[in-house]
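Please arrange chains B and C on chain A, whose structure you already have, making use of the hints.
Chains as they are written, first to last, in numbering that gives the first Met the number 0: chain A, 0 to 299; chain B, 0 to 239; chain C, 0 to 312.
Quick caveat, the hints were computed from the structure, so don't treat them as lab data. Where is the CB? At the ideal position from N, CA and C, for every residue including glycine. None of the hints are false.
Pair ranges (Cβ atoms, derived):
1. B:S110 / C:F287: 38 to 46 Å
2. A:V281 / C:R267: 40 to 48 Å
3. B:R92 / A:L285: 32 to 40 Å
4. A:A157 / B:G40: 38 to 46 Å
5. A:T165 / B:V130: 56 to 64 Å
6. B:E234 / A:K169: 37 to 45 Å
7. C:L161 / B:A28: 50 to 58 Å
8. B:E234 / C:F287: 54 to 62 Å
9. B:R13 / C:L279: 45 to 53 Å
10. C:K168 / B:R13: 44 to 52 Å
11. B:V130 / A:A180: 38 to 46 Å
12. A:V78 / B:S141: 33 to 41 Å
13. C:S288 / A:V281: 35 to 43 Å
Counterexamples of contact, computed for chain B against chain C with all Cβ distances above 12 Å:
14. K6
15. R26
16. E29
17. E31
18. G40
19. N58
20. V130
21. S141
22. A168
23. E225
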Amino acid sequence: MTEYLILQALNGLIIGLIYALMALGLTLIFSVLKIVNFAHGELYMLGAYFSYYLAKMFGFPPVLAVLSSIIIVFFLGVVIEVLFLRPVYTGAVERKDEYAILITFGLSIFLQNLALFVFGPWTRRSPSFVSGTTSFCSLSISNDRLVVSALAIVFMVATLIIIGRTFIGKGLRAVSQDREAAAIAGINPFKMNLLAFGAGSALAAAGGALIGPIFLIFPTMGAMPVIKSFVIIVLGGMGSIKGCIIASLILGEAESLGSVLFPDLTRGLAYKNAIGLLFLVVVLLLKPTGLFGEKHVRMK
Amino acid sequence: MKKHMLKVSRVTKRFGGLTALENVSFRVAENELLGVIGPNGSGKTTLINLINGIHKPDNGDIIFRDMPIHRLSSYKIAQKGIGRTFQVTRVFRRMSVMENMMVPALSISKSGTQEALLPKALEILALLKIVHLKDEYGRSLSGGQHKLLELGRVLMLDPDLILLDEPFAGVHPELKADLHDHIRKLHDRGKTFILISHDMHSIFSLSQRLMVLSSGEKIAHGTPEEIRKNEEVIEAYLGN
Amino acid sequence: MKNLNRLILMGLLSAAALLPFAMDGYWLHIIIIAYYYALLASSWCLLAGYAGQFSFAHAALAAVGAYTSALLVLNTGISPVYSIIIGSFAAAGVGLVIGFLCLRLQGPYLALFTIAYSEIFRIVLNAEYRYTGGNFGLNVPPLFARESRILYYYTILGILILSLVVMHKIVTSRLGLFFRAVREDEDAAATLGVNVVKYKILAFVITSFFAGLAGGFYAHYVRILTPNIIQLPQMGLIIAMVVIGGIESLAGAVAGAFILQLAAEYLRDYEELRWVFFGLLLVITLRFSQNGLIYPIYKRLTKKNEKTHAESE
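So here's chain A without its partners, still in its complex pose (with noise of 0.2 Å):
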């Protein structure tokens, strides 16, 4: 029993560092763009796919595929800011906060149906990073699964080398705090926006290259992540990068745990994606600029 918690365990860890790179892209693109971005589940989606493909059909060595899917996924995300992002900056645009939600979410829609139709509706499974397991003590764990915890630690260690220690970073911080005040400093926001959301992009599409090899990869396996991130931006408050990776973490424990321990096995499993819910619906109620934030975010 003590094996298996351990076991439930390390792949909470393994959830919660995937869903972490999830939210953080999604975290990125809020604090900038003040945007939810409901087409992240997608994103990610497709990261799985392209890596999957450039693996699969042109023979890209498995993690070179996973960073070309990344970057080709960056440049997507910059696409649909510009076309259709940008109007609410530009002032094009009337109710921008429904716009931003239904322009998403329509896109959401479509790339799902798009997927649907150019990949096909069957499950497919990127190839092994490396191959074969490895034992600690009297547990084994696969290779891949040490391979994507590093792989995602290693990403999320560079996003947040970037945004905290260059440059650029300086810039989403500046944006994200205070747009006007950053314009007149000599920041263009526009830029910043395309890069928030060409970043906050791409850390989805990392997150599903990285689940490639583990769990199965078709049109709506977006679905059930993005509505994960949702749940973590809102604990970690909308905007923290700190409360996004823990609240990241805790999500991963607490739904692989907590299955475990629910007593009716069957209800426990279909309960699981219920716990995180509950979270989102009673921060939202009692503490709506979440758990770790500090103030309320919105789109003026």
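Same frame as chain A, but now just chains B and C:
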């Protein structure tokens, strides 16, 4: 001495660590035109927000015609007869000018129909010289027309006390003169005003009495002549 | 303009009344489902387009009506006629709670809250399969003992017309005016004497009632319920219908529901491609024509007419 319409006693309002208003007291008599001046951030708009219930005071009370109103919600205060305009106009953009006018009219008359209230709305729009715009959408109006529409909406409430927040900011000189006229006319008809403005010429010529706020505190009050000579006021504006 | 409107309305009503005599059972079924969506779309239009509350819980509220009614009939044996009405009130009750809880939530926060509510409800329906049938589906007794599609057709047509008349009355009354004022600017509306809290909650209650009504009829017509009627793509379909029809027009929403439902049927051979097309249409409409595709065309048509009828107005 005329009867007091509004009594504000020892009102304090804080936002987080920032004190917007500290222990401010004053009274407004029936049919008075009180001007409120003060540097940016001195708490003028906060004062209006407290009187009309958008914010609740942390301390102190606000009595309107012997009734405490500082715990009431905005809409109740409006229905009791206090109307206001906003510093940055807040016209309903995707509603026609006439629909904008109908909202307050219907909110105070429980049984009134739009048809019954139409003549009154047309009369006010004619007074403000924007009756030709009655079917235009709020968003297609100019900034000055927004100011007029806001005033028109307030008049549809038929309030006894009107709070005007920077009515002359960003307004064309011709329109400003018109606004002066409107305010004087309404005042002559018995309306009571609290007027906030940075436009010293306007506020000194319109107000019967002035109150000066600085850093959330009331530092002076009196007739325009008295305020003009008040050292402390000059200090607040020019000094640091 | 009034004359043209009346003419179009009379034409549509007589067409709707005569339709069953010109169609086979299969197409009648398609139209019945179109009416169901028209009721959902128009009530969501009232909530989102007029009152400005972009809720994603509308499909879930239809499910509240559907499951309440179905389970009532199955467990107590009352007539579906009553259970559908009770189900509608149950949905209105849930709408009341959602409206109350969401008073302080705006924009993306409201969207997230209502998505979470819908998902939780779907998960519960799935997990409690002993009572709800879960994903295997719940077999629901029919509304009419007699197997007659025409009966169902006129029933939903009646429900739809009645609901639209009520919603139209709301939209043109003081209630509709206050809904729109609240949508535009809550603070400004409050300073003009509008009880914002009351009208926000009322918008949820009224529109949830109609969603529940649609759901109740659907349950006893289709006769099998699964939690999938709550899934986000269902909500997406309702939103697409309203957006393409015109988010500030009840008639536009009804037209949008019809056109999408019929187009989906006509383009059946294209399978997934038609949903790609609808998704694209939704996104492009949002981006380039925020008043929808159908409403502006209608506006232009009637505008031409308006000039000639200017005096009679």
